[in-house]
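Chemist: Please work from the sequences and hints to get the whole structure.
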Amino acid sequence: MATARIPLADRPGARAALRRNWELVWSDGLGRVGVILLAAVAVIAVLGPVLFPFDPKAVGRTAADILQPPSAQHWLGTDELGRDVFRATLAGSRISLLIGLTATAISILVGAVIGLVAGYYPGWPDSVLMRVTDFFLVMPTLPLVIALAALFGQSLGIIILVIGLTGWPSTARIVRSQVLSLRERQFVVRVRSLGASDLRIVGSHILPNVLPLIFANTVLVIAGSILSEATLAFLGLGDPVHVSWGTMLHFAFVSGATGRGAWWYFLPPGFGIVLVVLGFTLFGHTLDRILNPRLRERG
Amino acid sequence: MFRAGYLARKAGQLAVTLFAVVTFNFILFRVLPGDPLQLIARSGHLPPEAVARLRALFGLDRPLLVQFWYYLRNLSHAQFGFSFTYRRPVSSILAERMTNTIILLGAATVFIVLVGVGLGVFAAARRGSRADSGTVVTALVFWSLPTFWTGMILVFLLGVWLHAFPISGITTPGATYSSWFDQTTDVVSHIFLPTVTLALVDIGQFILITRSSLVDVLTEDYILTAKAKGLSRRNVVWRHGVRNALLPVITASALYISLVVGGAIQVETVFSWPGMGRLIYDAVLRRDYPVLEACFLIFAVTVILANLASDLLYPVLDPRVRET
Amino acid sequence: MMRARTVAALLMAALLVLTGCTRSAKTGSTSLRVGWSSEPDTMNPLTTYSTEAQEVLQLVYDKLTEYDSSLKPEPGLATSFEYSSDGLSITYDLRDGVKWHDGQPFTSADVKFTFDLIHDQNLSEYGQWLTDMTSVDTPDASTVVVNFSKPQAFNPGLSIPILPEHIWSGKSADDIQKFANDQPIGTGPYTFVQWKQGESLTIKRNDSWWGPEPAATQVIFVLYGNEDVMAQALRAGEVDVLTEVPPTIWDGLSGVENVAAVSIPSFSFHHIGFNMSTDPKSQGNPLILDQTVRQALAYALDRNQLVQLALAGHGQPGSVLLPPAFGDWELKIPADQQMNANPDQANQLLDAAGYKDTNGDGVREAPDGSPLEFRLIAIESTTVDVRAAELFRDAAAKVGIKLDLQTMDENTLGKTVYNTTDWDIFVWGWDSGVADPDYMLGIVLCSQIGGNNDIYYCNKQYDQLYDQQATTVDEAARMNIVHQMQQDFYDSAGYIVMWYQDKLQAYRTDTWTGWVQTPGGMVFNFTRDNYLNVTPVAA
Chain A
1 MATARIPLAD RPGARAALRR NWELVWSDGL GRVGVILLAA VAVIAVLGPV LFPFDPKAVG
61 RTAADILQPP SAQHWLGTDE LGRDVFRATL AGSRISLLIG LTATAISILV GAVIGLVAGY
121 YPGWPDSVLM RVTDFFLVMP TLPLVIALAA LFGQSLGIII LVIGLTGWPS TARIVRSQVL
181 SLRERQFVVR VRSLGASDLR IVGSHILPNV LPLIFANTVL VIAGSILSEA TLAFLGLGDP
241 VHVSWGTMLH FAFVSGATGR GAWWYFLPPG FGIVLVVLGF TLFGHTLDRI LNPRLRERG
Chain B
1 MFRAGYLARK AGQLAVTLFA VVTFNFILFR VLPGDPLQLI ARSGHLPPEA VARLRALFGL
61 DRPLLVQFWY YLRNLSHAQF GFSFTYRRPV SSILAERMTN TIILLGAATV FIVLVGVGLG
121 VFAAARRGSR ADSGTVVTAL VFWSLPTFWT GMILVFLLGV WLHAFPISGI TTPGATYSSW
181 FDQTTDVVSH IFLPTVTLAL VDIGQFILIT RSSLVDVLTE DYILTAKAKG LSRRNVVWRH
241 GVRNALLPVI TASALYISLV VGGAIQVETV FSWPGMGRLI YDAVLRRDYP VLEACFLIFA
301 VTVILANLAS DLLYPVLDPR VRET
Chain C
1 MMRARTVAAL LMAALLVLTG CTRSAKTGST SLRVGWSSEP DTMNPLTTYS TEAQEVLQLV
61 YDKLTEYDSS LKPEPGLATS FEYSSDGLSI TYDLRDGVKW HDGQPFTSAD VKFTFDLIHD
121 QNLSEYGQWL TDMTSVDTPD ASTVVVNFSK PQAFNPGLSI PILPEHIWSG KSADDIQKFA
181 NDQPIGTGPY TFVQWKQGES LTIKRNDSWW GPEPAATQVI FVLYGNEDVM AQALRAGEVD
241 VLTEVPPTIW DGLSGVENVA AVSIPSFSFH HIGFNMSTDP KSQGNPLILD QTVRQALAYA
301 LDRNQLVQLA LAGHGQPGSV LLPPAFGDWE LKIPADQQMN ANPDQANQLL DAAGYKDTNG
361 DGVREAPDGS PLEFRLIAIE STTVDVRAAE LFRDAAAKVG IKLDLQTMDE NTLGKTVYNT
421 TDWDIFVWGW DSGVADPDYM LGIVLCSQIG GNNDIYYCNK QYDQLYDQQA TTVDEAARMN
481 IVHQMQQDFY DSAGYIVMWY QDKLQAYRTD TWTGWVQTPG GMVFNFTRDN YLNVTPVAA
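Here the protein sequences come in this chain order: A, B and C. Under the working numbering, the residue at position 179 of the first sequence is numbered 179, and the numbers go up by one with no gaps. Under the working numbering, the residue at position 211 of the second sequence is numbered 211, and the numbers go up by one with no gaps. Under the working numbering, the residue at position 321 of the third sequence is numbered 321, and the numbers go up by one with no gaps.
No lab work stands behind these hints, which were simulated from the structure alone. On a predicted model such as this, the values are computed, not experimentally measured, just so you know. A couple of the hints might just be wrong.
[What the hints assert, rightly or not] Computed list of chain B residues with no C-beta within reach of chain C, every gap over 12 angstroms:
#  : residue
1  : Ala4
2  : Arg9
3  : Ala11
4  : Val16
5  : Ala20
6  : Val21
7  : Leu72
8  : Phe142
9  : Val160
10 : Thr219
11 : Gly230
12 : Leu285
13 : Leu297
14 : Ala306
[To be verified] On the chain C side, residues computed to face chain A include the following (Cβ under 8 angstroms):
#  : residue
15 : Val193
16 : Glu227
17 : Gln232
18 : Ile249
[As the list claims (entries may be wrong)] The calculated EDC-like cross-link candidates involving lysine to aspartate or glutamate, where the alpha carbons are at most 20 angstroms apart (straight line), are:
#  : chain 1 : residue 1 : chain 2 : residue 2
19 : B       : Lys10     : A       : Glu23
20 : C       : Lys72     : C       : Asp474
21 : C       : Lys196    : B       : Asp216
Beta carbons are placed, not taken as given, at the ideal position from N, Cα and C, and that holds for glycine.
Modeler: Here it is, written out as structure tokens:
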């Protein structure tokens, strides 16, 4: 019971647990690949545009500059405006990741809060919130996201909001079921009977035990958000001002790059998306196995 | 088998969710910063009076609550209203599009189940081996592929480069067929690429789900007992393991519909497949509210029913899990 | 486990084998296949607003007078027509022995019915040609006399499809709006067969048509969800001609074997528009009402650069309201007299009018201190417009005018521009409804405010000239008026016309031959002659 009053980060158990989990991830083959991929993407996104900046205004001058194959001057050729595809890909990584991460933050926040409240207060708050969650699970996501983006505009902010507000149900469900089971555990019951406030219980007892699960879920939600942005942009609903991997693929498609065999235009952004999503997926998949004890034993 | 109370509760939840969906639909598509009929005037082909007449015809100049009332009343008669774009009953547009999408989804589902579940069983039975990790990695890679990009690659490789498959439509335009077989092969050749594209992502998911649930089951006590009794591995895996392992797969199938709708939109766009996915996309851009409302409703209802079916099916299949 | 995979492998192999057999599906060599990326909305000529629908309907229905492949009138259902001496009536001599597709005979009663219907209910775009109509007489079954209160410069017989009375009579205005006309019955060279929505539309030759028999026994319009795939289909020989191809894809078709990519002057333009509403409640920036500011912006912009960069070179720099496809009707202003690509002149104008940059921020201010800063809106999905807007913004900045660019969807922009005055400058485009200058000129009439007039332009003199040209039958005299109107509007700089885009089309050279490159397009144009005149390439 004494542990209840010590903040999370200072608990010797917590830090050791983090280390242990990290080692488990790293020692797993797939987990390691995932981490490496993520690290590579992070380096590309942070350093790439610094070393090879992209100027969206650096358009070609004549028709001969358009959709050119890779050359010494343009390592990955040019796009339909005559701009350098290599630099565009590097710049696009930032936008794709930015949207993915920010949208996920919104999803996780909303999902976690809803899950916490629903799990901790059974009865009508739970019922109502779960109906709402089920409702969002039932609505077909992509059409809904398309509709929202088409209706409210295509700015970066709206896209992030729209993806964020449709990606939370899975988090809510996971958090809720974990909170439900935690609520009935002995130490929580005892602390409640001692008169601790709800907020404190949630903050000190429930949240620390839910966080690892939320984290694992977050990683997978990020993968989903990045895919959502790419799909939205491909369908023409992305932000036309900022270059992202999704918008590159959109313009590749509508300017006929596929038909003209301009593989240098539509392969790199696609690979980028696959690698990022794969990285998060491998990492999340491994985390899931580690944190879910049943799977770990049998594994 | 089921308590009356359980069924009644489920029915009640169903009704509430349905009503919520209907209302949400209506609010989403009517409270908009846009007037679909304005586009018409600009193209230079209709005078303002005709536009005004259209607006009145569709009740766009009435207060929202009145519109909502008409909408609900029409729904109760299974009338989905008039499409703004095509100026004909929505139901007449939906019929053919739905058939096309169902064909595509049907083909994809067969593919997914055969390959996904099959590979999942394969991997679980060889748990721990390199074949197993190879399959898992493949599954994860498939799961990370954006559907539309896969489509573009397939179009490029197999359609443009190799000329092995047609890349758009359901049939060759203007073709005359000398036999029923010819027509079927034409359709099959057109459906191949879209099916594979649509299926690939979900195959990954099904492999993983099947594998993990089968792994769970295979280490259950009763399986160990069966093994101890000397039953062959195939017997153990198939008869005892797979049947029970299919339960989470069935649950996943209910959610699969939500996912596959998104995939269908992308595939139908890349391959010009005349289905509902494409219809939704076009209707959103043209603000064709009646079509949109109908499509959303159909999808939502399908998912709700699928969830209900899996909820009801689960206790039937697994005697251990009964609603108390 | 093994079995599942073997089964899958066998399936794949079987499919591959089968697809080899699909090449046996034959297409008739006398079928003309047209590819497009958007399909008709309805087969009802009185409610449609889609160009694709009109493309099909013009082959199913006849008009009294048709356009030939050089856009000159030629006989249609009327073998000849004559203006009365006072110019107030037109007499059409109708062809004998014409039958509707369902076998019923065609008579003057059908013409009267059609004209009366359109006039009484002011239906669709055709209504505007009959506003001055007073009555229609049918002295006999082969003669129609249409009477007007004022002389008509434009012959309505060129535009109005003739509908069968026995099918359309008795319908109220609401009925007509709801009438899908699924099996259109006309007198035209092709009869309607089938429309598979989302896929294709088929029409077949009418063997009892009154005109010379076209070579194509069938015309099939194939819908492609995406233009790249459509171009692929042309290359693969799946279709014979494409209605419209976007610039980069068109570039990819040049030089392809057996494919000809053509670039034809069109009847369309893209423009910048200014909010010239003089309503005191207008929320537009009042500085835009100063003609000097607008002219300065016109001078600052380099139309050539726009065509090169935004249109990839596929167009002509813009100036007046009528695109070059209109031929002599277009007023040709010499390059050195145009308000174009001259930032020095722009600066001079602004200096002389008292707009100076008093605080050194790069933006000029009016004498009262308000800055020359305006809102600029464009449709985000029209990439050429967005690019043009960006270039315009940069050009304006060089002469000390700040433009704040915001993109939005077409719907919202339309609503903003038409229903509110809360905007300053926008970018959009126009297509002409007919091959006659009347339509384009009529956009900016005072009476069109609330209708087509999107800039609240109101010049009484311009309106008077418009009425004059609409009732001047003598072509030379009319042309003078039309030129004068273009000059007046150009000087006011209500629009800055950016470019006249080329119509980019493509066709296979090894299937059909005889394509005439009519201004406005070989297909998707006011004339259907190419459909009627092309012949199969001799094997």
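Chemist: Taking the hints in turn, state whether each one holds.
Modeler: Each hint tested on the structure:
Taking the minimum C-beta to C-beta distance to chain C, about 42 angstroms, the non-interface status of Ala4(B) holds against the 12 angstroms cut. Consistency note on Arg9(B): stated as away from chain C, and its beta-carbon is indeed over 12 angstroms from all of that chain's, at 39 angstroms minimum. Once the 12 angstroms rule is applied to beta carbons, Ala11(B) is consistent with being away from chain C; the minimum gap is 36 angstroms. For Val16(B), the shortest C-beta to C-beta distance to chain C comes to about 33 angstroms, beyond the 12 angstroms cut-off, and the non-interface label holds.
The claim that Ala20(B) lies off the interface holds: its Cβ sits roughly 27 angstroms from the closest Cβ of chain C, which is beyond the 12 angstroms cut-off. Distance check for Val21(B) against chain C: the nearest CB is about 25 angstroms away, which clears 12 angstroms, and the non-interface claim stands. A cut-off of 12 angstroms between C-beta atoms confirms that Leu72(B) is not in contact with chain C; the least separation is 21 angstroms. Against the 12 angstroms criterion, Phe142(B) stays outside the reach of chain C, whose nearest CB is about 14 angstroms from its own CB.
The Cβ of Val160(B) sits about 6 angstroms from the closest Cβ of chain C, inside the 12 angstroms cut-off, so the non-interface label is violated. Non-interface call for Thr219(B) relative to chain C: holds, since the shortest CB-CB distance, roughly 18 angstroms, exceeds 12 angstroms. Against chain C, the non-interface label of Gly230(B) holds: every CB pair exceeds 12 angstroms, the least being about 21 angstroms. The beta carbon of Leu285(B) sits about 8 angstroms from the closest Cβ of chain C, which is not more than 12 angstroms, so the claim that it is off the interface is violated.
Separation of Leu297(B) from chain C is adequate, the least Cβ-Cβ distance of about 20 angstroms exceeding the 12 angstroms criterion. With a closest Cβ-Cβ approach of about 24 angstroms to chain C, Ala306(B) is found to remain outside the 12 angstroms limit, as its non-interface label requires. A cut of 8 angstroms between beta carbons decides the hint on Val193(C): the least distance to chain A is about 30 angstroms, and the hint is violated. For Glu227(C), the interface hint holds, since its Cβ comes within 8 angstroms of a Cβ in chain A; the closest pair sits about 7 angstroms apart.
A hinted interface residue such as Gln232(C) counts as satisfied when its beta carbon comes closer than 8 angstroms to some beta carbon of chain A; here the least separation is about 5 angstroms, so the hint holds. Of the supplied interface hints, the one on Ile249(C) holds, with its beta-carbon coming within about 4 angstroms of a beta-carbon of chain A, less than 8 angstroms. A threshold of 20 angstroms between alpha carbons decides the hint, and for Lys10(B) with Glu23(A) the separation of about 45 angstroms lies outside it, so the pair is violated. For the proposed pair Lys72(C) and Asp474(C), the alpha carbon gap of about 16 angstroms is at most 20 angstroms, so the pair holds.
For the hint pairing Lys196(C) with Asp216(B), the CA-to-CA distance comes to about 50 angstroms; that exceeds 20 angstroms, so the pair is violated.
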